[in-house]
Amino acid sequence: MTTVTGPATAADEPAAPAPPPPARRTGGRARAALGFAAGAALLYGAAPLLLSDFRLALLAKYLCVAMVAVGIGIAWGRGGMLTLGQGVFFGLGGYAMAMHLKLADAGPGALPDFMQLYGQLDELPWWWRPFASPWFALPATVLLPMVVAFGLGSLVFRRRVRGAYFAILSQALAAAMVILLVGQQGTTGGTNGLTDIQGFFGYDLDDPVNQRTVYFLIAAALLGLLALARQLIESRYGELLVAVRDGEERVRFLGYDPATVKVVAYVVAAGMAGLAGALFVPAVGIISPALIGIVPSIEFVIGVAVGGRATLLGPVLGAVAVAWARTALSERFPGTWTYLQGLLFVLVVAFLPGGLASLWALRRTRRAAADRPPWWRRIPPARSGRTRTEAPAA
Amino acid sequence: MTVLFGQLFTGVSIGAVLLLVALGLALTFGQMNVINMAHGEFIMAGAYTTYVLQQTITSAGWSLLVALPVAFAVAGALGVLLEVLLIRRLYARPLDTLLVTWGVSLMLQQAARDIFGSPNVQTRAPALLTGNVALPGGVTVANNRLFILGLAVAAVVALTLALRLTPLGRRIRAVVQNRDLAAVSGIATARVDRTTFFVGSGLAGVAGVALTLLGPIGPTMGTNLIIDAFLVVVVGGIGQLKGSVIVAFALGVLQATGEYLTTLSVAKVIVFVAIVAFLQWRPQGLFTLRTRSLA
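Going down the list, the protein sequences come from chains F and P. Sequential numbering from 1 applies to the first sequence in UniProt numbering. Sequential numbering from 1 applies to the second sequence in UniProt numbering.
No wet-lab data here; the hints were simulated from the structure. Check each hint, because a few of them may be wrong.
Per the computed footprint, the stretches of chain P lying under chain F, defined by three or more beta-carbons under 8 Å from a beta-carbon of chain F, are [claimed, not checked]:
{"id": "1", "stretch": "8-19"}
{"id": "2", "stretch": "55-67"}
{"id": "3", "stretch": "108-116"}
{"id": "4", "stretch": "133-146"}
Derived, one-sided and incomplete: chain P residues facing chain F with beta-carbon distance under 7 Å [unchecked claim]:
{"id": "5", "residue": "Ile35"}
{"id": "6", "residue": "Gly103"}
{"id": "7", "residue": "Ile227"}
{"id": "8", "residue": "Phe230"}
{"id": "9", "residue": "Leu231"}
{"id": "10", "residue": "Ile270"}
{"id": "11", "residue": "Phe272"}
Remember, it's a predicted structure, so these values are computed and weren't measured experimentally. Where a beta carbon is used, it is the ideal one built from N, C-alpha and C, also for glycine.
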């Protein structure tokens with residue numbers, strides 16, 4: 001334990017005492033394939049059979065949130081970068097897609113409806129023009145967030161801004177983006193956002209059959225992102241990312257550049273959020289500042305924290321569960337849900353930092369931890385000194 | 001020239017509000033490394049305290065004067081409660097304090113909605129603070145803005161003196177610089193933590209009283225300010241009040257100038273870009289405590 005001699009160092013703590021590792025190497029590949037198949041069967045077989053069209057559309061929305069959560073799981077759970085601004089990337093993807101769909105709805109040469117309403121514009125603003133082409137708009141939904149994340153990430157991480165500083169900056173980015181979108185009402189739709197999206201590449205979004213297709217598309221994207229995330233986590237890079245989280249200086253001494261490692265994770269997470277935003281638009285038919293601001297950005301994090309930030313499936317299940325609970329409870333008891341949401345956050349983060357996934361892991365290791373005092377007799381963690389992630393017991 | 005001075009004063013008065021809000025954070029985030037997202041709701045608590053007091057004390061002037069210490073105590077008590085119940089367990093995990101206190105802030109906002117109702121409420125300003133003062137050079141300055149500027153300056157001076165001269169201030173600085181050594185020297189660090197939190201949160205209450213002079217009081221009034229205030233502390237450098245003071249006024253002037261030259265929303269983006277650019281130059285903020293530790 002090194003002694004902290006000033007407050008400056010403590011801000012640079014790694015995210016948290018790392019939740020127990022999920023990995024069990026033996027048979028990992030087979031189990032993953034099995035789990036993947038089970039997930040696909042659930043999403044493609046059970047869900048469309050059992051759920052009504054209305055519920056399926058809701059599930060599609062939750063799965064979009066889950067895609068953002070996969071990215072946060074990588075950046076925060078694996079990389080220790082608490083990003084409170086994923087709404088920005090979700091929004092960039094969403095707006096890129098919505099701009100294209102709005103232009104497609106309006107037809108060639110015509111202005112989207114809201115522009116005539118608020119903007120009194122005669123012609124399309126220059127930065128809208130490229131989005132008329134699907135060949136620009138579709139890649140942009142993913143690449144635009146990645147470029148922004150690369151810009152901010154490389155500026156910030158190279159100068160070793162980290163921990164709380166980074167979290168606050170990412171949150172400020174979300175605040176700035178919302179204010180900008182609201183302020184430029186004539187060209188962005190302002191507070192209302194881009195609404196009333198009718199068609200999706202020639203298909204009518206009001207048709208339940210097409211809504212179902214959108215659901216299948218979203219499910220496929222989620223499964224794809226999960227496979228990608230698993231590849232990333234299991235790779236050498238994944239090990240390096242965890243090493244940066246737990247001991248950035250040591251990684252630097254070993255000759256790696258932690259900044260690059262972090263930028264990659266942040267950019268990947270941004271791309272995932274962008275894709276989620278892009279698919280959210282046809283599923284829900286709207287994108288607006290209220291969906292991407294500070295509050296939704298933190299809400300993305302809740303699901304990840306509840307499910308288990310350092311696991312692969314935890315963020316996905318947590319995100320879906322929290323989004324589902326929100327719909328189920330906030331309709332009937334709007335006030336109570338806010339209390340519950342706050343309480344959930346407090347309890348999980350303060351008392352179960354590994355999320356629900358760590359309960360699962362706890363069950364396995366209970367025998368090993370039999371000599372640990374029960375939680376009510378445990379002393380609160382020491383204030384000073386660096387918390388060091390202990391190597392997992394083999 | 002008049003326009004320039006007018007803009008400058010607008011900037012300074014935005015800076016004064018920022019400073020009042022950020023001062024408490026500079027203590028709890030800067031000195032104790034706790035990211036208290038509920039700080040904004042403590043501001044709200046201070047504002048509602050003013051509102052409640054005005055229901056009983058009908059003179060607007062007196063109720064404002066009484067509100068200052070009462071709001072300090074109310075917000076401070078909330079802060080101590082938060083420290084004892086939650087934050088004490090999280091000192092080693094600064095990022096997690098952010099998430100936990102955000103949960104608390106959600107609950108406090110909802111509580112405000114349940115108690116006072118969702119629509120904003122308003123207090124009456126004392127007659128003394130409603131007018132304008134004409135400064136030489138043709139610049140008029142609103143009295144309430146001047147009052148807030150005075151309040152911010154008074155708070156900074158009081159806090160600086162308290163930290164420099166009182167035994168409590170010495171204990172706080174000792175704990176901040178080296179907690180283990182302070183504990184070994186016989187300082188009850190847990191009690192110092194609680195007191196620091198009381199003062200930091202109490203300052204949020206004072207900021208809340210000041211904000212009732214500028215606009216309506218509502219459940220979400222804290223959220224909008226809190227991020228700007230955090231940025232002030234981050235850019236100012238942690239553990240140093242003077243950094244927060246300089247940066248609050250600098251950001252206020254930048255915001256006002258940006259608003260004047262472009263629009264409010266573009267000004268916000270300009271401020272954000274300026275902050276990121278500044279951190280390229282000084283990633284640890286304007287002033288930092290020098291340490292020999294390997295961070």
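Hints, one by one, checked against the model:
1. 8-19: Violated - the stretch 8-19 of chain P has 0 residues with a Cβ nearer than 8 Å to chain F, which falls short of three.
2. 55-67: violated (count 0)
3. 108-116: holds (count 4)
4. 133-146: Per the Cβ count (0), the hint is violated.
5. Ile35: holds (5 Å)
6. Gly103: Holds, about 3 Å.
7. Ile227: Holds, because the Cβ-Cβ distance from P:Ile227 to chain F comes to roughly 5 Å (cut-off 7 Å).
8. Phe230: holds (5 Å)
9. Leu231: holds (6 Å)
10. Ile270: Violated: closest Cβ of chain F sits about 9 Å from P:Ile270, beyond 7 Å.
11. Phe272: holds (4 Å)
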